[in-house]
Each structure stands twice: as C-alpha cells, then as structure tokens.
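Residue numbers (this note's numbering), protein chains in the order written: chain L, 6 to 387; chain A, 81 to 660.
Read the hints as simulated data drawn from the structure, not as lab findings. On a predicted model such as this, the values are computed, not experimentally measured, just so you know. Backbone N, C-alpha and C define an ideal beta-carbon position, used for all residues, glycine too. Warning: the hint list may mix true and false statements.
Which chain A residues face chain L? A few, computed with CB under 7 Å, are given here [to be verified]:
#1 Tyr112
#2 Leu194
#3 Arg437
#4 Leu512
#5 Gly516
#6 Pro554
#7 Pro607
#8 Ala625
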Amino acid sequence: MSGTKQSLLTKTCRSNAYHNKYFGDHSKFLPIGLLLAVMALILAGCAPQAPAETPSPSSPRTLTVMTHDSFAISEDALQTFEQQNAVKVQFLKAGDTGTSLNKAILSKDNPLADVYYGVDNTFLSRALDEGIFQPYKSPLLANIPAEYQLDPNYFALPVDYGNVCLNYDKAYFTQNNLTPPQTLDDLLKADYKSLLVVQNPATSSPGLAFLLTTIAVYGEDGYIDYWKGLVANDVKVVNDWELAYYTEFSGSSGKGPRPIVVSYDSSPAYEVLYAETPLEEPPTAAVISDNTCFRQIEFVGILKGAKNLELAQKWVDFMLSPQFQQELPTQMFVFPVNSQAALDELFGKYLKQPLVTARVNPADIAAKRQVWLEAWTEAVLR
Amino acid sequence: MHRNGKLKLPSWAGALVLWAAPLAFLGVFYLYPLVNILKISFTHSDRAVSPLIQALSSRSIQHVLWFTVWQAILSTALTLLLGLPGAYLMARYDFRGKALVQALSGIPFVLPTLVVAAAFNALLGPRGWVNLALMALLKTTQPPVTFVNSLSAILIAHVFYNTTIVLRLVGDFWAHLDPHLGQAARMLGANKWQELRYVSLPLLAPAITAAALLVFIFVFTSFGVILVLGGPRFATLEVEIYNQTLSLFNLPIAAALSIIQLICTLVFSIIYTRRVKHLARPLSLHPRRYTQHKLSNWREKILAGALIALLLGLLTTPLAALAARSFTRFEAERGQHTLVNASVTLDFYKELLINRRQSVFYIPPVRAIGVSFSYAAITVILALALGFPAAWALSRDSKEQKSPIDYINQILDPLLMLPLGTSAVTMGLGFLVALGRPPLDLRASPILVPLAHTLVAFPFVVRSLTPALRSIRPRLRQAAAVMGAPPLQVLRQIDLPLTGRAIIVAATFAFTISLGEFGATAMISRPEFPTIPVAIYRFISQPGALNYGQALALSTILMAVTAAGMLVIERLRIADIGEF
C-alpha cells in the first residue's frame, strides 16, 4: 500500500522540481510568479526531497492502461497485480467514453497505451471497425456468460455491465396513491403526465440507452411516434445525467419536481450506500419489468502496437478475475460479468435487476446512430 | 514625432525579437496541433461534397450559427450594461471592502459550469430558496419560477461569468484617467452626461472595446453554460463541434465547424484591431490615489450602495446559496414538497478527507488545491512572459508613418485572439495527434495542462496590457532615451511602472483562467494530478447525497482559495511599480 503512495508522491515532487527549474528562468523579471510558485510548492505539500530518482531494480517495467474518466480501482487490488508481475501500472484517463475512444482511434498508429478499457456496446462496432485492438482469447472468458461476449473474435472482452432503467421516487407514488409505471406504454397515460425527466441521447450515455430501449421495443418505424406521445405527455429533456438526477428528480438529494427519471438499476442501492443520514430503505426504486431497461456492457482490449504484449494480456486477465470484478460495484458503480465474482451483501439486499433487457445489435447502433439521433432531435426538440 | 532616428526602437529586428518567443510558442503549441487535427479530420471525409459546403448548407447548422451570433451580442450587451457602472464605481471611489467586492466578483469566472448550475439551482431551481419561498407565499405546489433550460438562464449565466472582465479591464484603466479632464469640461459648462459622452467614454474606448471583444468571443464560443443551463434546445457552434466529434464521430463536419468558428473569431478581431487603432490616445495616467475619492455625500452613498447590492446580488447570491448548501443537511423527508428540516453539518467536508473506497485515484482536497495552484502559477508565468513582449510590440506602432512594424503588428494582432475562438475538443485532439513524436512526446505529460491554460490566458494578458502600454506618451520614452537610457532601462523605468496595475490585472486573469478551466483539462489531465474542477466533477457524476454534498463542499473550497489567491495578487507590489 505504501508503495503506491510513495511512488505517487515521488512523481508529484518530480514535477515540482520541473516547475522549479522553470521558475528559475523568469524569476528575475517576475516576482509575482516566484511568489506564486513558492505558494504552489508549499501547498503541494512537497518539502524539497532528494531530487535523484532511484530506479528501483525490482520493478523496471511499466504497463500503460488507458481508460475513461469513471475508471477506479482499490489500492489493494492494484498492488496485488503490480507485485505479482513486477510491474508499475500507469493509468491514463482520457475523458468520457466518447472522448477516450476518439483518442484511441486518432492515436492508433502511435498508441498512447498498451491496453484500453472503456468502450461500451453502443460504441463497440466503431472501435472494431477502426481496428484499434488486437485479439486475445483470455482463459477467464470461460467464466463469463455468452450474453456479454458480443465480439466473437476476441478483440474486445467484456468487463462489466450496468442497466439503464427508469427510477422513481417511492414517496411520491405512495402519497398520491399511484402505481409506479410498469411498461414504457404506461408513461403515455394521463396519470403520469409531467412526471418524467430524461436525458438528451446526443449528449448523455443513459439518454442514448433509453432511446435505444424505445427503438428495441417499438421498432425503427414506431419509436418516433412513441416519443411524440411522451412529448404530448410533457416529458422534460435535459442534457446530462447530473442535471436530470440532482436537479429535476424528486427522489435524489436535489429534490426536484419530477418523480420519474432515467438512471441505473443500481442507483437506489447507492442512495443507501451514500446517504447523508443512515437509511433503512432506499428512497427510490428502479422499474425492472421486461424490456424497460437497456444493458450497457463495457469492454477491454489490447491496443495494436502495444509495447508489452505479455503484460497487457496479464492485465486483461486481471480485469476479468474475481478479485478485480468483485470490487466493481463499490469502485465504479457497475457490475461484474464474471459469474465467480461475489457481490457485497448490501447489493444482495437493495439491488433489484431486470431479467429481460431491451436489445439492439451493436452493428446497427454504429450504422444508424446519427440517423436515429437526428430523427429524435427533429421530433422531440424542434 | 520621431525626431531622433535612434529613438525609433525597436527597429525591424527589435520587433522580431519581441515577437519571437510568443510566436514560437503559438506556432508549436497552437498552430501545429490545430493544422494537424484539421488535416486528419478532412482526410476522414469520404463524401464528394466538401464538408465546409455541406456544413454551411445544412439548415440546422445555419440555425446554430444564427443563434450563436445573436445570443453572443445580447450577452455582451447585458454584461456591459452591468459592468460599466460597476467599473465606474471601482475606478472613481474608494470605500471599505472594495478589494473584497472585487475578489468576490471574480469568483464566478473560475467555477465549472456544473457547479454554477448547482449554485443557480440552489437559488432558482425547482426546489431553490426562491421557489420554496414563492410556493409558500402563493400556496401552490408547482414552482412558479422556471430557470434551468431557458434562454434567460443562458443570458444570466453569461453575465454572471463575464462581468468581472469588464470590471477589471475597464475599471483599472478608468482608475488611472486624469479626472481633471472631466472637471475641465464641467467648468466649461458641460453637464454630467455630456462629460461622460464627450470626455470619459472616448478616452475609455480602447479598454471598453478590448473588454467587449473578450466577452464577445467568450460567449460566442460558450460551451458549458449552453449545454448544462441552456439545455438540449440551444446549441452554439462550440456545442455542435462537441456533438459532432464525440457523439457522432463526424470529424469532417466538426473540422468544418471549427474553421467557421475560427473565421468568425478572426473577423471580430480584425474589426476590433481596425477600430482600436483610431481610438487609442496617449494619455497621462495617474496613480489611483489621485483619481479616487471617498463616497462623500448621502446621494453618492445610496447610489453606490445600490450598485454594489445589484452586483453582489447577481454575482454572489448563487455562490452564497451553494456554500450554504454545502454546510446543510436535510432530514430525510423524501417527496414532501414543503420546506424540509435543515441542520448545519460539516459531514461533507469531513468525508472529503476519507478514502472510503480505498481507491487508487482518491485525492485529498489539499492535494487538488496544490495541483491547481501549481498549474496556475506556471500559467501566470508563461502567459506574462509571452504576453508582455507581444503587447509591448503591439503598442510600439507609430501613427504617422508606415513602418515595417506597423505591417507586422497589423497582421499579428488579430491572430493573437484565435486561441480563444478554438474549441477545447479540437485542441485536445490536436495535441494528441501532433505532439506524439519525440522530441515532443507530451501527450501524457502533466505539463500539457498549463500549456493549454496558457493558450487561453495569453489573449487575455495581451488585451489587458495593450491599452495601458499604448496610452503611455511616446515622449516619456523618448525623454528617457534622450537622457541616455538604453531600451531595457526604458522598459524597466517607464513601461513597467506605468503598467503595473495592468500587469496585476493580467496576472489575475491568467490565474483565474487556469484555476477554473475544465473542458481542456478534463481531456488532457493525468489522474494523479487532478485540478479542483476535475475532482469536483468526479463527485457530481455519481449518485448519492454524500457524493453531491462533497461536490458542493469542494466547490466551496474552490471559491475560497480563488478569493484568497486574488486578494494575494491584489496586494502584490513590484518594487517601483508600487504606486499603481
């Protein structure tokens, strides 16, 4: 544990040593800068240390892993991997899912990393078509159900999933003697007028997932009519999950005006886990009836041109192993695909998951994403 | 003017020396990445029609372009409407707490949009204090005020963010104008308005135009405000570039839109450069203690009080609401659409100090503050070191005769604004494709963040310094030179002292821009070195009251360290610049 901290600290100080050198050049003319620099050094909490970097002979190798912003891992898990393989893992967080994939594609001739984790099933075809990965048939795939293995050629391997489902504010429905919605059709009823808030599918990944749910249920010919019905029933559209959940939704701590929101099946459990005051029951619940949720699956792959092929394969195996998989729910708010991974008891108690989720073929999503989004924008926003 | 040939410094060569460093920096870290990404984007195009024509002929993109322009004009006008009276107050009067008012008015500038949205929401949202009070008063269950996702939200947020630009740029210039000119006009029978119209405003014109241009380009390329507060029905070019790049992977169209945005920026900058050349006049600038007086009579006190109340009301009430919320715990009475029981708590702040998930990426708040300050320090130094020579070169042009310097300046001046008009997404990807080969493999280097911040800060530094440098009477420099001072001594003893305040203003801008920048930082920062805004974003993107509370707590910390940083910069005095 201290090993990781130590090395992070050395890195900070190294970079400050660099700043120091830089300030030296200009300090004569710019005392402001010098003062700020000193302030920065103090605040960075780095007393001048021995500048010499001691190359530690035990871990000469580095593996670079590129991920999206939401990636997280515990110190213990990382240390296990680093010690077992005598390697130092460096993480590059490359923005949200779309941004990081863009970066992986634009740098494919001169890759930034050995491994890239974070492409999901809505972007999968795009990543495969661009040929950024090289295939690897990990032995751990044996423990992963076939429904998650969307790439039959093993370029992209499934790591985790999350279900995008409608969430509702339980108190609102009990107070108003109303049954929570059970199907997408319910949302068109007069009883649910002005209750729903969703995200713009062009800017938000749960928003896109919900649009895909409606396409799966009503078909390419029918989803626009369904959305026109939602508009007639006064659906509210905002650009991102944060605003929908914390500003518009009445079940979150933001206490907005609308009691139904598009979020995840796991959100109610997190309302308990991260409550302000300890809660017995989550204040919200997810609608999990058949074909109302969309399953997002996230994948890892070894980048073409990876410098450390053997280590990269070890890392992929590690991400699919129970040790890493078990901490997915607490670290990243998503769930393991490895059937051997055990869930924390909290999730056993509060997590309710859908049995049948709506499905759209990744190749169709890649081919028609733009057409669908444009038609949706035309029908709902204009 | 140039009676003595030796005084025409700097000559051809001199101008080039001044321009060398800024141009080298912009060339390597701006132009080279930009050209690379645009080139790659266009080679991705498989259609026969040029993407530029395709973009310009699309009706929805014409719509976007039109909206971008008119909301920018309206936002700039509103910002000037609030900012100019505020600048007058700051310039001409000395009152207790002035430094604090100025620092508070600068805070919005650094806050990430998601936080500003949360701040306005705490005040004007469906369950904000205003709506809660109105609902109790009117006895309704529906919130009477709709704020989020409306045009007024966009306009108010733009004014909220950018008023500080007008306050600082115009206010500090105004503070050094000789009040005797106005007094002379009054003596000759002009009334207050005539004095303002025919004396003060013409003299202030360079600073006002500079501020207006900066505000305009900022709101013209507005991204977060439109996306978060404006909502899905509004899109500027910048938002459309983001959508086309990251959601639709339509790189050719995104590149075409980037170019349209750059051309617009260039056109506005050229118009500005043309206008401002005729506006600038050499002035005798005076230290503030000669130009300012205390609020003397009741009428002045009431007017000033009302103005301060208006400024603080708009600029700091949302911040106060946010800070208050970060110390408040609501009892769990979910779904009750009435006022809930609230109590004071430090829980969110305590939670910031705990690595509850044992995450490798856990960041103690002190660390994020340290990283943010380090980046800000480098940005201030780089931006000043590059901006001062550029501004100095710009201010050297002679009015009477056409010299080579004039031509160089005329071409370069508008180009300096381009980094402000460039989309953060485009730049982020540009760094990626261009800076990936040795000796410049900076793609994963932490130094990339302050370099990107410097690109944004640089035009601000140049625009804050140029009006002050231009207004120095050439005779002062000439006199110094006649008495035998070499160019460097002229710089140190004439230009630096007379522009001391402007340098402080420039430094403050660079500092706050770096502290608050989120778009580019999120794309290129390393997880070990997150800035405060990046750390805030990590919390606000997760469900659970504790995560939301921590985001608000960290935002409050960001506001506090920003205000502290600005007060420190205010107090900094450089040796002989002290007076100004």
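Consistency of the hints with the structure:
no., hint, in the structure
1, Tyr112, "violated (15 Å)"
2, Leu194, "holds (6 Å)"
3, Arg437, "holds (6 Å)"
4, Leu512, "holds (6 Å)"
5, Gly516, "holds (5 Å)"
6, Pro554, "violated (23 Å)"
7, Pro607, "holds (5 Å)"
8, Ala625, "holds (4 Å)"
This entry does not satisfy hints 1 and 6, going by the numbered hints stated previously.
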